[in-house]
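Visitor: Assemble the whole structure, with the sequences as input and the hints as a guide.
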Amino acid sequence: MTQTLNFMVSGEAGQGVQSIGFLLAKALARYGYYVFSDQDYESRVRGGSNFFRVRASLTPVNAIKDKINILLAFSRQGIEQHHRGVAQTGFIIYDTETLGNLNVNDTVSIPAARLSKEATGDMQSANTVLLAAALCLLGYSPEDLLSLLQSYFRGEAAVNNVKAAQAGFQYVREHISIKMTTQLRKIGNKSRMLVHGNEALSLGAIAAGCKFMAAYPMTPITSIIEYLSGKAVELGMVVVPAEDEIAAINMVTGASYAGVRAMTATSGGGFCLMVEGLGLAAMTETPIVVVEGQRPGPAIGLPTRQEQGDLDFMLHAAHGEFPRVILTPSTAEECFWAAVKAFNLAEKYQLTVIIMTDHHLATSYSAVERFDLTRVEIDRGVLYSKNSGEYKRHQFTADGISPRAFPGKPGTLVVTDSDEHDEAGHLTEDPEIRSKMVNKRLGKMVALREEIRLPKLWGAEQPEIIVAGWGSTFGAIREAVTTLTETGVKIAHLHFSEIWPFPKDEVGDILQDCPKVMVAENNATGQLAKLIQRETCIHVNDHVLRYDGRPFTPAEIIAAVGQEVK
Amino acid sequence: MTQTLNFMVSGEAGQGVQSIGFLLAKALARYGYYVFSDQDYESRVRGGSNFFRVRASLTPVNAIKDKINILLAFSRQGIEQHHRGVAQTGFIIYDTETLGNLNVNDTVSIPAARLSKEATGDMQSANTVLLAAALCLLGYSPEDLLSLLQSYFRGEAAVNNVKAAQAGFQYVREHISIKMTTQLRKIGNKSRMLVHGNEALSLGAIAAGCKFMAAYPMTPITSIIEYLSGKAVELGMVVVPAEDEIAAINMVTGASYAGVRAMTATSGGGFCLMVEGLGLAAMTETPIVVVEGQRPGPAIGLPTRQEQGDLDFMLHAAHGEFPRVILTPSTAEECFWAAVKAFNLAEKYQLTVIIMTDHHLATSYSAVERFDLTRVEIDRGVLYSKNSGEYKRHQFTADGISPRAFPGKPGTLVVTDSDEHDEAGHLTEDPEIRSKMVNKRLGKMVALREEIRLPKLWGAEQPEIIVAGWGSTFGAIREAVTTLTETGVKIAHLHFSEIWPFPKDEVGDILQDCPKVMVAENNATGQLAKLIQRETCIHVNDHVLRYDGRPFTPAEIIAAVGQEVK
Amino acid sequence: MSTLEDFAGALTPSWCPGCGNFGILNAVKNALVELNIAPHEVLFVSDIGQNGKLPHYTRGNVFNSLHGRAVPPAVAAKIINRNLNVIIDIGDGGAYGEGLNHLIHAMRRNHDVTCLVHDNQVYGLTLGQASPTTDIGGITKTTPQGAPPPVNPLLLALAVDCGFVARGFADDVAHLAKIIKAGVAHRGFALIDILQPCVSFNHKNTHQWYRERVYKLEGTGYLPDDKTAAWQKAQEWGAKIPTGVIYRHERPVYEEALPVLDPDEDLEHIVVSGKIDKLITEFV
Amino acid sequence: MSTLEDFAGALTPSWCPGCGNFGILNAVKNALVELNIAPHEVLFVSDIGQNGKLPHYTRGNVFNSLHGRAVPPAVAAKIINRNLNVIIDIGDGGAYGEGLNHLIHAMRRNHDVTCLVHDNQVYGLTLGQASPTTDIGGITKTTPQGAPPPVNPLLLALAVDCGFVARGFADDVAHLAKIIKAGVAHRGFALIDILQPCVSFNHKNTHQWYRERVYKLEGTGYLPDDKTAAWQKAQEWGAKIPTGVIYRHERPVYEEALPVLDPDEDLEHIVVSGKIDKLITEFV
Ligand SMILES: Cc1ncc(C[n+]2csc(CCOP(=O)(O)OP(=O)(O)O)c2C)c(N)n1
Ligand SMILES: Cc1ncc(C[n+]2csc(CCOP(=O)(O)OP(=O)(O)O)c2C)c(N)n1
Ligand code: SF4
Ligand code: SF4
Ligand SMILES: [Mg+2]
Ligand SMILES: [Mg+2]
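Listed in order, the protein sequences are those of chains A, B, C and D.
Per the numbering used here, the first sequence starts with residue 1, numbered consecutively.
Per the numbering used here, the second sequence starts with residue 1, numbered consecutively.
Per the numbering used here, the third sequence starts with residue 1, numbered consecutively.
Per the numbering used here, the fourth sequence starts with residue 1, numbered consecutively.
Source of the hints: derived by calculation from the structure; they are not laboratory data.
Quick caveat, the model's predicted, so the values are computed rather than measured.
Please note that a few of the clues may not be correct.
[Unchecked claim] Here chain C is said to cover these stretches of chain D; the calculated rule only asks that three of the stretch's residues, wherever they fall, bring their Cβ under 8 Å from a Cβ of chain C:
id : segment
1  : 20 to 32
2  : 102 to 114
3  : 226 to 235
Glycine residues also receive a C-beta, built at the ideal position from the N, C-alpha and C atoms.
Guide: This is the structure:
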């Protein structure tokens, strides 16, 4: 196999684009390939035109790149829109009997509907026929596909899909003479997990011992709620489908106050409704974790599309001044670790940790090593021990962190208030106590700075251009910088997976010697650029921005940087 | 009269501190004095310890300064807490018969309760006796006070308060031999309006033709709602007491869509709930005006206290990216003009204008010239005229501004959507239209920059220190800079009454030649400082910050700057 | 005379084939035509959800709001322009979950708008989670152990004395159109909860399920003028599900006590009017 | 044995002399003592308003929340720690205005908490604007032309089948304490609407006004077990105002279907448990 192999599954909503794309990716992951996939779909349940891309590689991949080698098409529109993206050596696989003959080159026609009907009695498994045909052409073992289908489907569906796949394999063997130059094989003996960002994040929360979630559905984070809801009983966890986002965040704060690790998840619109609750968590110094999955705004915007437009908002949401932490994981794997870290920082510093993700990261599958659970550590921060006199929830301490206690223990009353309060948690209007409480809360930022993982400069030694990014653009930027470095450009990539508190001194040091600092961001105003300017006073004048609701491709970044180096 | 004369009225909540303070200020304003007053009160209805300060001057004043000349005290605590603030030549006026004799110097004892009882039958007008006594000592004409009382009180209360005042005058004439060196007199023949920031802002909204308000009560903006509610019928205006702040902002957007100028008002906590609605107004390009009255946060914080902690939040509230305008009036008079301008900019650019005020500005009375209504201009922006083909609410135009039409006209359908939409207002997921719509909206910022009044540098020519500020700190900073300039410090004041879009080039030009740039802000993190850094890349390292819930005094700023120049 | 063609929409519906929303769309169009209302006289204020797309599939003025927030802009627009026939399209999630507070207070204040709740007992647009009206025990991805007891929207409406409380069924377009006509004609807030089969995500309350249970109140002798009878009737849910007007009664409309506003008013006149001058004088 | 002294608060009340809240405070203390509950076994979750200060004037665990948001943290804390007696103190503004959505859904789901609504029919802390329960026509600074019809909280509770619906009167401390005791003892959501005179801002519904009208349901033969009877009784308001338990009925408690959590659990054990390992395997 050449370095990477690119697939696309395209069709209407409701035609199984998502399932077949997923099965394809999973089949490749099980063979030990690195896999990255992304999804593009409209905000509707049936019809329209969606696609699911899968890139398989022998080395780690975190972006979609290059032309399509195999396009599995379920609809005419799926072919019309994408056949131009197919590589010269690539193929379009579809059912001419149902879609008719489209005048495009290099097609492999499989009578999928008919084969499904013959094998299973109905046409519902036609797509599985196409999937099997594609994998057969690539030398994938029928047994391995059948066992995958058996683990994915249940009951009758499993039986039918297996039959359909068998028919697909058989048809290709009997009727198709094309030989693919690339043939798949098992790489090593370890198969990888196939997870998208939301799944990885959910697993991270479980690993961190999260016991309570309350949330309201919203694209792109709904699958976190659904995954955890499905596992809750098994895990001894509670997931409450709240009446709205306001309830969700305040329930989470209540649960955390009562003693457990708790989180919520939402998108920008729902986050808007949580803003007042952020302030409550801050004032009561209650640790909570909030996942914010970005999508294009303002308002409802493009519900199923991609954007990184909320950084400014997350940095400054809510009135008044208080500390917070913002993590911006860049890959599915980082989502797992961000969740673990989020709960630790939240409890250690008794504040809100926001994990920013986005539609692209949330829904893109990648094949990753099994998460190493031995690396997971739990730090609940300072807990109250009885010997320390009468309990004061907001006791002044050197580092601003007051030992926590949970309500319900004899001899200990846990009192806290959303009004300004004294050490015991009671209302006060005293100006001195007020100032001390502000200092106590904001003072936590000092130690927090040490907790943030510093961004590492990657690429050329003394670069002439630095491209900075944050979150899910990682794969595209890294891929672009790699390519450019290979062509001799002295370029490097500075990526932020943990963005607040901002490591301003270190970043200042890195950037100040570089003649050109660019940002690549999936937004229109260059929010990271503004943050860098504010924190370091270093001008960032060059932006590669994309804000049409789609994720970056490495090629775009290469093109934009190319213009600069010309 | 020396340059300024300082009064304080102190007592418990429910004892009439506010009314007597107001009457005192009004009496002075009617004589043509410049007056500035502020209020300090707890979040309770009865008891505690409040005060109301009044400063009268022959020249404009916008801050409280210097020691108290006359303290009118209604409670023992009021004396105990404040007698040390009384000038050597000052007096404490109180009723020894009810409060007992407190061991403080220079008191004028008036048997106010007894006099009230004798004059009116009960003791409810005792404070008016004290007020009259004070004014008598200062040579204020009894007739002028009586006519003030008659215009302030209604019915029986008017009769009783007049009697009480007469008793107060008479008592002083008969029993008090002290002579005040300062005697009040009528200055010129024009009496001034006495308004606080909220009243001025309300009048501005009325002058601008605001026809709809929806709001939910919250300190410190409640008096705007109450004032406008009281005048609504008379003005042909609608004020809806909404069920919550979410309803409030969305009602306002609906009313504006339907055709009228509309606004809401809230404080930080309520604003949190309006954040999603901001995005809706932005996406539908509906002009609205939002007044945000700051108070100390986070969460409930200190409901009746002072802070400027919400600038960062106002700049970045809501997910996604869209234009907005933020006005930060500095005086009551500016509140009036800010309201007028807000409605014009909102309609001209079809976006949200936020007017930031705060507790100090909202509740501090000042004596100002009658607002010059001939200077009020109304600009509703581009309205649709029938000749231009089928109506498209979000038509692409050179400046991004699409003509507005209102629903209900034959032949014109006004269609808009919180999802991304095409020119006609219909849902779209097209990437090209999406990008163009983003550009259309954000592009308005270009012309908006020209609308913003540039901050003027005030003070020394080539200053060695510039103190920058925004909003209600104006009076204290200006006063401090004046004093420092008089002592030979080369200092100047740069004040922002209109802060966003930020005039970055002009500010950069002003600041870059100055060796020391300081900010004075009523918050803990220096939010203006951060904004200046971000926009100009000029370091702002010196802060004078106050965040104990109280407004600045000029003396504090003088002290802080003094340390710098030493 | 307005016609069905006047209400032919700009976009092709993106709803699933078989979705109950098609019936609602037809009923809305028919009702408006029968009331002889022209598109420019209608203001659709829609929520977010499958329901919220309806206005784009017909013609009228359209203000599409946020999820759960259709009611506030709708009632405000009505306050400003009383000539508009304001129709709210909202889902069970938006109306009875996210936005319930607005609905209850709007019914209480009694604004003259018509609220069509596309009640598919599920969150449709977000792919099938439990909604506040999901039947008790309903298994969805967010209620794998079964949903808690649902909200009964009709009872909530009665509790705040809503003056027009009705239930329609999306599959009975003629009957639904009649209810909508009556709702639009009603002076005051009209709540019409519409049973709307969702073929993709609600596999319990299907077309078939509703058809077997739904009956019309008309002809049963039931009169919608007694609140206690309505309270009892509104609780009927199971083997038999009543549709039609459950309760109806006129009471003062909120905006009728308010000044009539003219959005086109030349605002400069307001300024030079003596009113503000008089107000200013009050501060001297 | 817990005693009244155990519940002596840290701060001196800042309420106005004569405020109805003093009666509520006493009733709460008495009820807890009579139930022999110790301060550490109580969690007060309070709203913002005059009501929200109550917990500071007695002893217990206290979580003071945001305006209108007392219910969500309260029910979540109860889910986490079932041993806590969770008491919500909230005003008519917070409960029936700003936070009504939470109240209704919490009653629907039936969490085992007790909700005391300090119903002074006015926004007290913000100095006297109309609240959702201000009597119809009530003149306040925000309703100079008179308030619209009020919300009837008891009807709303009945509409979502709340299992304990009661009304108390702040001036009848003994009776109120009895109701609170019953509410705390009730398995499930207990809504207790408490008539609370506000001497500073509500000059209509005064101590005197309530005293002349209020009567106890006990002894009238009324039984709180019939929902239709309750629906009718709950509408009585005017010359006579009933107090006592209006409706009572047990149904499943939301959190009883959930796993019991231990907040003190040593979290490291969760990680090394096989559960997460098994989940990870599902992704391979
Ligand atoms: C504040 C907010 N929360 C969540 C969402 C995501 N969302 C969009 S529609 C919807 C639910 C739709 O259910 P319903 O209101 O019943 O409408 P339906 O699609 O069933 O017609 C949700 C949760 C959102 N857009 N905004
Ligand atoms: C989001 C928000 N809006 C408004 C306020 C201001 N506020 C504080 S208490 C209150 C109303 C109080 O009325 P109620 O709930 O009846 O309590 P009471 O004071 O009468 O006991 C309001 C509007 C706030 N704190 N937060
Ligand atoms: S998901 Fe359900 S409600 Fe949405 S369009 Fe499809 S059938 Fe209709
Ligand atoms: S204002 Fe009313 S509710 Fe508040 S403390 Fe005073 S009497 Fe009580
Ligand atoms: Mg629905
Ligand atoms: Mg109240």
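Visitor: All the hints need checking, so say for each whether the structure fits it.
Guide: Here is how each hint holds up against the structure:
1. Residue count for the segment 20 to 32 of chain D with a Cβ under 8 Å from a Cβ of chain C: 0. That is fewer than the three needed, and the coverage hint is violated.
2. Coverage of the segment 102 to 114 of chain D by chain C holds in this model, with 5 residues showing a Cβ closer than 8 Å to a Cβ of that chain against a need of three.
3. Residues of the segment 226 to 235 of chain D lying with their CB closer than 8 Å to a CB of chain C number 3, which satisfies the three-residue condition for coverage.
This entry does not satisfy hint 1, going by the numbered hints stated previously; all others are met.
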